[in-house]
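*Asks:* Given next are the chains, with one letter for each unit.
2 protein chains.
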Amino acid sequence: MGWKTKQGQTETCYKFFTNLANPTRLAAIEHLMEKPMSVNELATALKQEQSMISHNLKPLLQCNIISIEKQGRKHIYTVNQETLNPIFNAIKNHAEKFCPRGGKCLRGDKS
Amino acid sequence: MGWKTKQGQTETCYKFFTNLANPTRLAAIEHLMEKPMSVNELATALKQEQSMISHNLKPLLQCNIISIEKQGRKHIYTVNQETLNPIFNAIKNHAEKFCPRGGKCLRGDKS
DNA sequence: GGTTTATATGAGTAATTATTCATATGAATA
DNA sequence: TATTCATATGAATAATTACTCATATAAACC
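Going line by line, the protein sequences match chains A and B. Throughout, this note's numbering is defined as the position within the first sequence, counted from one, plus 378. Throughout, this note's numbering is defined as the position within the second sequence, counted from one, plus 378.
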C-alpha cells in the first residue's frame, strides 16, 4: 500500500493509534496510570493471562507509550503520562463537547 | 467481554482510537485538514473507490471527528480541528521527544 | 548447579475489521 | 418524470489483529 512508504504525520499517527485501539491495552494503561505495576500484578488486576498481558505490553513499550524498569525478576511498567495525559484530555473534551449524552456516540451505542 | 459494559474513559477512548487506527481514514483526515472536500474529491485524491471512502467516513462522522454539510448533491466533509489538532500535536511531540530518529519507532520499522 | 518465580516468545486459531463489487437512494436538471 | 450525478449501503471475501497454549528465557535463591 502507498501509505506504508509515505512519510509524514499520517503514518506516525497510524502506528500510534493502532497501539491504543485495543481494549486490553487501554485497560492496562488505565491501571498503570494509577500506579506502576509488574506483569503479574496487571494480569491479576485485569483478570487476564500473563502471556496476554506480555503480548500487549510489548507494542506499547516499543512506542514508548510505556517504559520498563527491571527490579530483580519483576518488570515494572510505567505509563508515559507526558504523552497520554494531553491525548486523553482531548478525548474527554471531545466527548463532552461534541457527543450527545456524555459521549454515547463514542461507546459503540447505536441509539 | 467485561470492558464492553464498563463505564469510563477506557471505553470512550477505545472507540475513538479505533476510528483513527486506520490508514485510509487517517489519509482522509489528513486531506480534509487541508480543505473540506466531497466524497468524490477525496476518492480522487486518495486514489480509492468512492464506496471505500464512504464506508470509512461513516464512523468518523458518527463520532463527530468529521462533520458533513450537504451542498446540493455533494456532501462536503470537514474535520473537527478543535479535537484533532491537540491530539496530533501530542503525537508529534511524542515522536520528537521519545522516539529515536524522528519517530522511527512509530513507523513499523524494526531496526 | 538445580529449583522456583517472573516474564517473554512462537505458532496456531479465533475474532475483528477492511475492502470490494453490486446496487440502492436521493438530489438536480433536461 | 426520466436521466444523470453524487453518495450510501449490504453482503461476501480478504486481510489484519488478538488471543491461547505451550514453551523458552532469565533472574534469584537454595
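None of these hints come from the bench; they were simulated from the model. Among the clues, some could well be false.
The list treats identical chains as one, so a pair stands whether inside a single copy or across any two.
Below are the DSS-like pairs computed for lysine-lysine, each with C-alpha atoms no more than 30 Å apart in a straight line [to be verified]: (1) 475 with 448; (2) 475 with 425; (3) 436 with 470; (4) 436 with 475; (5) 413 with 452; (6) 425 with 452; (7) 425 with 436; (8) 448 with 413; (9) 413 with 470; (10) 448 with 470; (11) 475 with 452; (12) 448 with 425.
*Asks:* Looking at the structure, which of the earlier hints fail to hold?
*Replies:* 2
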